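> So you can see what is in the structure, the chains are spelled out below.
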Amino acid sequence: MTLSLVRAINEALRGALADDPKVVLMGEDIGKLGGVFRATEGLQKDFGEHRVLDTPLAESGIVGTAIGLALRGHRPVVEIQFDGFVFPAYDQIVTQLAKMRARSGGRLGLPVVIRIPYGGGIGAVEHHSESPEALFAHVPGLRVVSPSCASDAYWMLRQAIDCDDPVIFLEPKRRYYEKEPVDTTAPAATLHSVRVVRPGRDMTLVGYGPTVRTCLDAAAAAEEDGVSLEVLDLRSLSPIDFDGIEASVRRTGRLSVVHEAPVFFGAGAEIAARISERCFHHLEAPVLRVGGYHMPYPAGRMERDYLPDLDRVLDAAERTLAY
Amino acid sequence: MVQLLTPDGERVPHPDYELDPTPGELRGLYRDMVLARAADGEGVTLQRQGELALWPSLLGQEAAQIGSARALRDDDHVFPSYRDHGVALCRGLDPLHVFRLFRGVTHGGWDPADHNFHLYTLVIGSQVLHATGYAMGVAAEDAGTAVAVYFGDGATSQGDVSEAFNFAAVYNAPIVFFCQNNQWAISAGNERQSRVPLFRRSAGFGFPGVRVDGNDVLACLAVTRAALARARSGAGPMLIEAFTYRMGAHTTADDASRYRDPVEVEEWRGKDPIARLGLHLRTTGLADDEFFARTDREGADLAADLRASVRGMPDPGLADAFGRTYGSEHPLVAEELAWFREYSASFVAAEEG
Chain A
1 MTLSLVRAIN
11 EALRGALADD
21 PKVVLMGEDI
31 GKLGGVFRAT
41 EGLQKDFGEH
51 RVLDTPLAES
61 GIVGTAIGLA
71 LRGHRPVVEI
81 QFDGFVFPAY
91 DQIVTQLAKM
101 RARSGGRLGL
111 PVVIRIPYGG
121 GIGAVEHHSE
131 SPEALFAHVP
141 GLRVVSPSCA
151 SDAYWMLRQA
161 IDCDDPVIFL
171 EPKRRYYEKE
181 PVDTTAPAAT
191 LHSVRVVRPG
201 RDMTLVGYGP
211 TVRTCLDAAA
221 AAEEDGVSLE
231 VLDLRSLSPI
241 DFDGIEASVR
251 RTGRLSVVHE
261 APVFFGAGAE
271 IAARISERCF
281 HHLEAPVLRV
291 GGYHMPYPAG
301 RMERDYLPDL
311 DRVLDAAERT
321 LAY
Chain B
1 MVQLLTPDGE
11 RVPHPDYELD
21 PTPGELRGLY
31 RDMVLARAAD
41 GEGVTLQRQG
51 ELALWPSLLG
61 QEAAQIGSAR
71 ALRDDDHVFP
81 SYRDHGVALC
91 RGLDPLHVFR
101 LFRGVTHGGW
111 DPADHNFHLY
121 TLVIGSQVLH
131 ATGYAMGVAA
141 EDAGTAVAVY
151 FGDGATSQGD
161 VSEAFNFAAV
171 YNAPIVFFCQ
181 NNQWAISAGN
191 ERQSRVPLFR
201 RSAGFGFPGV
211 RVDGNDVLAC
221 LAVTRAALAR
231 ARSGAGPMLI
241 EAFTYRMGAH
251 TTADDASRYR
261 DPVEVEEWRG
271 KDPIARLGLH
281 LRTTGLADDE
291 FFARTDREGA
301 DLAADLRASV
311 RGMPDPGLAD
321 AFGRTYGSEH
331 PLVAEELAWF
341 REYSASFVAA
351 EEG
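Top to bottom, those sequences are chains A and B.
Mapped onto the numbering used here, the consecutive letters of the first sequence carry residue numbers 1 to 323.
Mapped onto the numbering used here, the consecutive letters of the second sequence carry residue numbers 1 to 353.
You may find that some hints are simply not true.
What the hints assert, rightly or not - Listed below are the simulated SDA-like cross-link pairs for lysine to any residue, each with C-alpha atoms no more than 25 Å apart in a straight line:
1) K271/B to R260/B
2) K32/A to N166/B
3) K99/A to S328/B
As the list claims (entries may be wrong) - Chain B is nowhere near these chain A residues, computed Cβ spacing over 10 Å in every case:
4) S4
5) D29
6) Q44
7) G84
8) F87
9) A124
10) V197
11) R201
12) A220
13) F264
14) S276
15) A299
16) Y306
17) D311
18) L321
Derived from the structure by calculation, the hints contain no laboratory data.
The structure presented is a predicted model; accordingly, all values stated were derived computationally and were not measured.
Beta carbons are placed, not taken as given, at the ideal position from N, Cα and C, and that holds for glycine.
Working from the sequences, and respecting the hints, build out all of it.
Structure (structure tokens):
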């Protein structure tokens, strides 16, 4: 069936609710309304108020009680309404959720998924366009993933819900309505594996979530100039499939990482450092990063200049290839 | 304030909370309090001797902890804070677990399922939300058990505690919020935490709150028993404020003389929870000298055993910690562990070479 990314999320949640009576959804406005992006549309009607909880408006409370429910044997899937609203829950996520297994000597796993619509590009007002992935990927005990397309969104969410560790599940909200065929019966790849979206020879582009589409557009444009760019979809930010990136960079000798989050201390920095270590003798140029500037996410009318777009990706490619 | 036993050891009635304990139960409560104080005192001593990194003493709060904990059934689930050694003792937890935590051997290595007693939580108030979520799960399963969560007066200032009160009320969770108001959050007194008595907080969230004499083990037992029965029956949450006093410093790292009046401490010494029940047992003839001597000896023996075990406790190796961060395979952890092992082995090889 052909599904938009947000419908694929809905299908994955529906499947998880149907398959495992321990799965519960929690969040603000996810029940009767179906979520502000309609990701949970129809689920409370079909599974009841005990499985799909319209919670009080308190993010720390949602994640804190989700931890308690998980300790009782449930598998909560939490929706945070927007990226910028996750921080009231950040203490519970970092201080409690991420550490419980380690501090219990490995005994207490917390299978909690925290879904966060993230990133810009929708002309939203303040606090509705952020990319906080590095703030989560830096925390031991969490897994952090982000699908870029409907097909991945479906099976990655199913795997995240099945996972016995807490998973931060970042949904690229500006790609919510992009459609593609989704086969819900196809065997899934490993949650943390890189995907070669478009093979190429001259240089590797790594994106994830919303920037995979940007990288593909850049690769298509570059091809017209006779430049062959390989596009990888990272899919997972913690852990990162460095073997997958390394295999590509050994072939192309060049790498650029593209994300919306500020470049400074971002995922690109980690990838650049590790790939420089692993592929030092295979690199023809320094690893470049394309991403956000060191400022709070700007007001909507400025975001076109803030977000990495096709031209900025091509600019990085040009600079890399000039070495 | 609910009180069933005065500081002079005299039983007084209360219209809402009656209790008719057997002599054996009374002696049991006394013994629990003595053992808790003995283990706690050993914690302070071992810290002073450098065997422990830190010890938060429960001195003065024995009645609040033992009374409430003895109201629990085995199948009720408990979320403690970090000073609740008396509760731990009542749940049947090996006290050495707590000593391991404060020695720095683990961050809390016991299995909560063994005694329905969760790990200590050091960040103030966080566990109140966990307990509430757990109780929401209990309610959804219609399990017929209750959850008790322990926290202090300082925790009531945390947003998490207010959020927990609200979630518990909204979802009618079977939970008892047991607040030990020991009147000092390190150096900040009650007047810096709240403008209203803490037990009144619950009213705004839609469930009852009661203040109980926290140095009266019988009152703590009676009120907690009633609150737990209420929760198990599906009537929802209840807040208990056990009004007590922290006789020691906040922890062994603290110096309480810098911020509080010794006159106040002396005044509370006259309300000692153990002395008060002891007085009652003596004047009513429910315990004799032999009982008191035997109980003291048991306390001393427990302390001696703990001392010996803690002193002989080996340090763990870091290599074991790598595998505990995640529940399944993780390439970064595997890579770092392999490196750590190789690096560590290089020293052994160098020494041997």
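> None of the hints should be skipped; say for each whether it holds.
A quick look at each hint next to the structure:
1. For the suggested pair K271/B and R260/B, the alpha carbons sit about 18 Å apart, so the restraint of at most 25 Å is met.
2. Using a Cα cut-off of 25 Å, the hinted pair K32/A and N166/B holds, with the two alpha carbons roughly 20 Å apart.
3. Taking the CA atoms of K99/A and S328/B, the gap is about 15 Å. The hint holds against a cut of 25 Å.
4. Against the 10 Å criterion, S4/A stays outside the reach of chain B, whose nearest CB is about 31 Å from its own CB.
5. Look at D29/A: its CB is around 15 Å from the nearest CB on chain B, clear of 10 Å, so calling it non-interface holds up.
6. Listed as outside the interface, Q44/A is consistent with that label: its C-beta sits roughly 15 Å from the nearest C-beta of chain B, beyond the 10 Å cut-off.
7. Every CB of chain B lies more than 10 Å from the CB of G84/A, the least distance being 18 Å, so the non-interface label holds.
8. A cut-off of 10 Å between C-beta atoms confirms that F87/A is not in contact with chain B; the least separation is 12 Å.
9. Distance check on A124/A: its Cβ is at least 26 Å (rounded) from any Cβ of chain B, clearing the 10 Å threshold; non-interface status holds.
10. For V197/A, the shortest C-beta to C-beta distance to chain B comes to about 21 Å, beyond the 10 Å cut-off, and the non-interface label holds.
11. In this structure R201/A is separated from chain B by more than 10 Å, as the shortest Cβ-Cβ distance comes to about 27 Å.
12. At roughly 32 Å, the least C-beta separation between A220/A and chain B is larger than 10 Å, which holds for a residue marked as non-interface.
13. F264/A, annotated as away from the interface, keeps every beta carbon of chain B farther than 10 Å; the closest lies near 22 Å.
14. In this structure S276/A is separated from chain B by more than 10 Å, as the shortest Cβ-Cβ distance comes to about 16 Å.
15. Every CB of chain B is more than 10 Å from the CB of A299/A (nearest about 29 Å), matching its label as outside the interface.
16. With 10 Å as the threshold on Cβ separation, the claim that Y306/A sits away from chain B holds: the shortest Cβ distance comes to roughly 31 Å.
17. With a cut of 10 Å on Cβ distances, D311/A stays outside the contact zone with chain B, its closest approach being about 34 Å.
18. With a least beta-carbon separation of about 30 Å from chain B, L321/A lies farther than 10 Å from that chain, consistent with its non-interface assignment.
Checked against the numbered hints above, the structure breaks none of them.
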